[in-house]
Amino acid sequence: MSETVKVPTMAEYMAEGKQPEVLFWVGCAGSFDDRAKKITKAFVKLLHNANVDFAVLGTEESCTGDPAKRAGNEFLFQMQAVTNIEVMNAYEIKKVVTACPHCFNTIKNEYPSLGGEYEVMHHTQFLKSLLDEGRLTVEGGKFKGKRITFHDPCYLGRANNVYEAPRDLLKKLEVELIEMKRCKRNGLCCGAGGAQMFKEPEPGNKDVNIERTEDALETKPDIIAAGCPFCNTMMTDGVKNKEKEDSIEVLDVAELIANAQDL
Amino acid sequence: MQYIPNILFVIALVAGIGYFTKNIRKVIRNIRLGKDVDRSDNKGARWKNMAMIALGQSKMVRRPIAGILHIVVYLGFIIINLEVLEIIIDGIFGTHRVFAPLGSFYDFLIGSFEILALLVLVSVVLFWIRRNVINIRRFKTLKGWPKNDGNIILYFEVVLMTLFLTMNAADLQLQAIGAEHYIKAGAYPVSQYISPLFGGVSEGSLIILERTAWWLHILGILVFLNYLYFSKHLHILLAFPNTFFADLKPKGEFDNLEAVTKEVMLMMDPNADPFAAPAEDEEAGEPEKFGASDVMDLNWAQLLNSYTCTECGRCTSECPANQTGKKLSPRKIMMDTRDRLQEVGANIDKNGSFVDDGKQLLNDYITAEELWACTSCNACVEACPVSISPLSIIMDMRRYLVMEQSAAPSDLNNMMSNIENNGAPWPFNQMDRLNWSNE
Ligand code: SF4
Ligand code: SF4
Numbered sequence: 282m283s284e285t286v287k288v289p290t291m292a293e294y295m296a297e298g299k300q301p302e303v304l305f306w307v308g309c310a311g312s313f314d315d316r317a318k319k320i321t322k323a324f325v326k327l328l329h330n331a332n333v334d335f336a337v338l339g340t341e342e343s344c345t346g347d348p349a350k351r352a353g354n355e356f357l358f359q360m361q362a363v364t365n366i367e368v369m370n371a372y373e374i375k376k377v378v379t380a381c382p383h384c385f386n387t388i389k390n391e392y393p394s395l396g397g398e399y400e401v402m403h404h405t406q407f408l409k410s411l412l413d414e415g416r417l418t419v420e421g422g423k424f425k426g427k428r429i430t431f432h433d434p435c436y437l438g439r440a441n442n443v444y445e446a447p448r449d450l451l452k453k454l455e456v457e458l459i460e461m462k463r464c465k466r467n468g469l470c471c472g473a474g475g476a477q478m479f480k481e482p483e484p485g486n487k488d489v490n491i492e493r494t495e496d497a498l499e500t501k502p503d504i505i506a507a508g509c510p511f512c513n514t515m516m517t518d519g520v521k522n523k524e525k526e527d528s529i530e531v532l533d534v535a536e537l538i539a540n541a542q543d544l
Numbered sequence: 092m093q094y095i096p097n098i099l100f101v102i103a104l105v106a107g108i109g110y111f112t113k114n115i116r117k118v119i120r121n122i123r124l125g126k127d128v129d130r131s132d133n134k135g136a137r138w139k140n141m142a143m144i145a146l147g148q149s150k151m152v153r154r155p156i157a158g159i160l161h162i163v164v165y166l167g168f169i170i171i172n173l174e175v176l177e178i179i180i181d182g183i184f185g186t187h188r189v190f191a192p193l194g195s196f197y198d199f200l201i202g203s204f205e206i207l208a209l210l211v212l213v214s215v216v217l218f219w220i221r222r223n224v225i226n227i228r229r230f231k232t233l234k235g236w237p238k239n240d241g242n243i244i245l246y247f248e249v250v251l252m253t254l255f256l257t258m259n260a261a262d263l264q265l266q267a268i269g270a271e272h273y274i275k276a277g278a279y280p281v282s283q284y285i286s287p288l289f290g291g292v293s294e295g296s297l298i299i300l301e302r303t304a305w306w307l308h309i310l311g312i313l314v315f316l317n318y319l320y321f322s323k324h325l326h327i328l329l330a331f332p333n334t335f336f337a338d339l340k341p342k343g344e345f346d347n348l349e350a351v352t353k354e355v356m357l358m359m360d361p362n363a364d365p366f367a368a369p370a371e372d373e374e375a376g377e378p379e380k381f382g383a384s385d386v387m388d389l390n391w392a393q394l395l396n397s398y399t400c401t402e403c404g405r406c407t408s409e410c411p412a413n414q415t416g417k418k419l420s421p422r423k424i425m426m427d428t429r430d431r432l433q434e435v436g437a438n439i440d441k442n443g444s445f446v447d448d449g450k451q452l453l454n455d456y457i458t459a460e461e462l463w464a465c466t467s468c469n470a471c472v473e474a475c476p477v478s479i480s481p482l483s484i485i486m487d488m489r490r491y492l493v494m495e496q497s498a499a500p501s502d503l504n505n506m507m508s509n510i511e512n513n514g515a516p517w518p519f520n521q522m523d524r525l526n527w528s529n530e
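One line per chain: the protein sequences are C and R, in this order.
Using the working numbering, the letters of the first sequence correspond one by one to residues 282 to 544.
Using the working numbering, the letters of the second sequence correspond one by one to residues 92 to 530.
Possibly wrong hints are sitting among the right ones.
What the hints assert, rightly or not - Taking lysine-lysine pairs in the DSS-like style, the calculated list, with each CA pair at most 30 angstroms apart, reads:
#1 LYS465(C) <-> LYS380(R)
#2 LYS375(C) <-> LYS340(R)
#3 LYS231(R) <-> LYS465(C)
#4 LYS231(R) <-> LYS150(R)
#5 LYS139(R) <-> LYS465(C)
#6 LYS462(C) <-> LYS487(C)
#7 LYS353(R) <-> LYS375(C)
#8 LYS465(C) <-> LYS134(R)
#9 LYS139(R) <-> LYS521(C)
#10 LYS150(R) <-> LYS462(C)
#11 LYS480(C) <-> LYS134(R)
What the hints assert, rightly or not - Sample of chain R residues facing chain C (criterion: CB under 7 angstroms; computed from the structure):
#12 LYS342
#13 VAL351
#14 LYS353
#15 ARG489
#16 MET506
#17 ASN512
#18 GLY514
Hints were generated in silico from the structure; no laboratory data involved.
No residue lacks a Cβ here, since even glycine has one placed at the ideal position from N, Cα and C.
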């Protein structure tokens, strides 16, 4: 995936004395994880395609502190939060979009009482709004008619009651959207949340991502759609564990839309 | 002599209600051991939650079979209590069916009580079968007192409903033979089928039967009232305040510890003198403890949660950690919290104030292994029919482990030192954060 995409930074905007429409918060996974970087690029392509005036913080961005907070380290979380808030406030950020539900939840819900008040959107919500405003077109393209099931990220779904935006986008792809038996508010976790991503699971008889992948496989999907880089990793591992990686793809909603149009 | 029943009745009533009040005051005192938390905002939404979730049982019916059976028993419980009002007045003043002058409305009332009583009986039998015969994991995993508690309540209901119907059947028969004092009143859609059984019985025996059933019924209710304190059945009362005071924030929002904010702001403030003496007000008290290792470190809403828990296990059955064989069970988190709080309460009763007993909630009840298995997915919170958050207790205990004991699993320590040093949970340099754009 060696192709350069044009990504303006806040510092560049500032130098030109301009303010972008929205800050794209890339997040740690989106910046460093090889799989998640593809999601980041797909989303950037969609932003360009819709002529969205956006910028990133680039090297001025730092972890939101979510994994530290969920691990119980409130100090580290607040240090991260306060640092990030200082940067964002200095740039007078009003609106933030991110492709990570953990960043989304943290900035939206936990930053305000520390002095960081922004309008925060998950990328599926943002893409949905672009669609509604007619700035983005979503077509089935090569996914038309495919069987797709959507895995609800806990921090988007139950945590913030966003269930419809990703589904609305998927429906626009003219795919066959099949729900798992546990979905929306009853959706099962992929196993990554609460800092589990960064540690070995406690002794048990199964890994959570296997349990969830089995839910997904029951729907006999061609594609498992995700809206979170961590869920994506967990489900991808689950599909590999079931030796189904040749027939089932795990893709982010943004990738599906971008790939459908061969962007 | 003729006032003896009235006097005995008043004594039973006062003793029953008195003991109950005493225990409820203990519950309130124990809940107040918790730290303060503000749950006074947005009253409108709070009343609405209480009306929908506690009164309207909206979350119970998410599992339709248990939900509908539960509504029947709950309605039966509330409505049949109107009958208790009549019993109390009759008991104190020696009247009989004092509401009878309500005429056809009275017939309607008694008729509906009877039908509800029958429905309650049926539901209770089905509940018993669910608990004891059908293989439902969340009930099968209950052992000892919690298991017995669940069944005892069902037996109570059976006995009370049977006494109620027996009392009515005997009364109906007495009405039929025109016994003095037993005025013709009420409609008896259910007990009319029982009363023929008493066809040949003498008036004297019928009166004894009717009085016995009447007395046992009201005494049974008083015993039941006092049983609540020792039982998960406390939820029939506490579900109301608990749903009212439940957290209204989005489920993903965890509170930001204020004590930490103060220190962080101080550390980040370039003008602060790191060697300055602590401010006056901070000098007095002990340094604030971060997180929770015992029930007193939790807030009162969390303690109220623990008393409200019905031990239904809906939380545990939805928990991804529990489903995959980890030790964590959110129901157990709530039951442990209540058990420990009761232990602390008993300690205070005995000693006047709490005397260190060498125990705490952490380790003696809840182990670190359980706490670390949580994915913070909120499935337990979503599932709970009475708006309890086991997750908030888990998080507070993790905070204690990490901030007071530095006892996080080593992988997490690595993750945290990465965040501290390079602003990402992995060992990547912050300066490389934008490299993806030209890879
Ligand atoms: S939040 Fe934790 S305890 Fe609750 S269901 Fe999820 S993993 Fe289980
Ligand atoms: S916390 Fe709620 S769901 Fe869990 S056992 Fe108690 S009442 Fe049931």
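- prompt: Honestly, which of those hints from before does the structure not fit?
  reply: 1, 9, 11, 14 and 17
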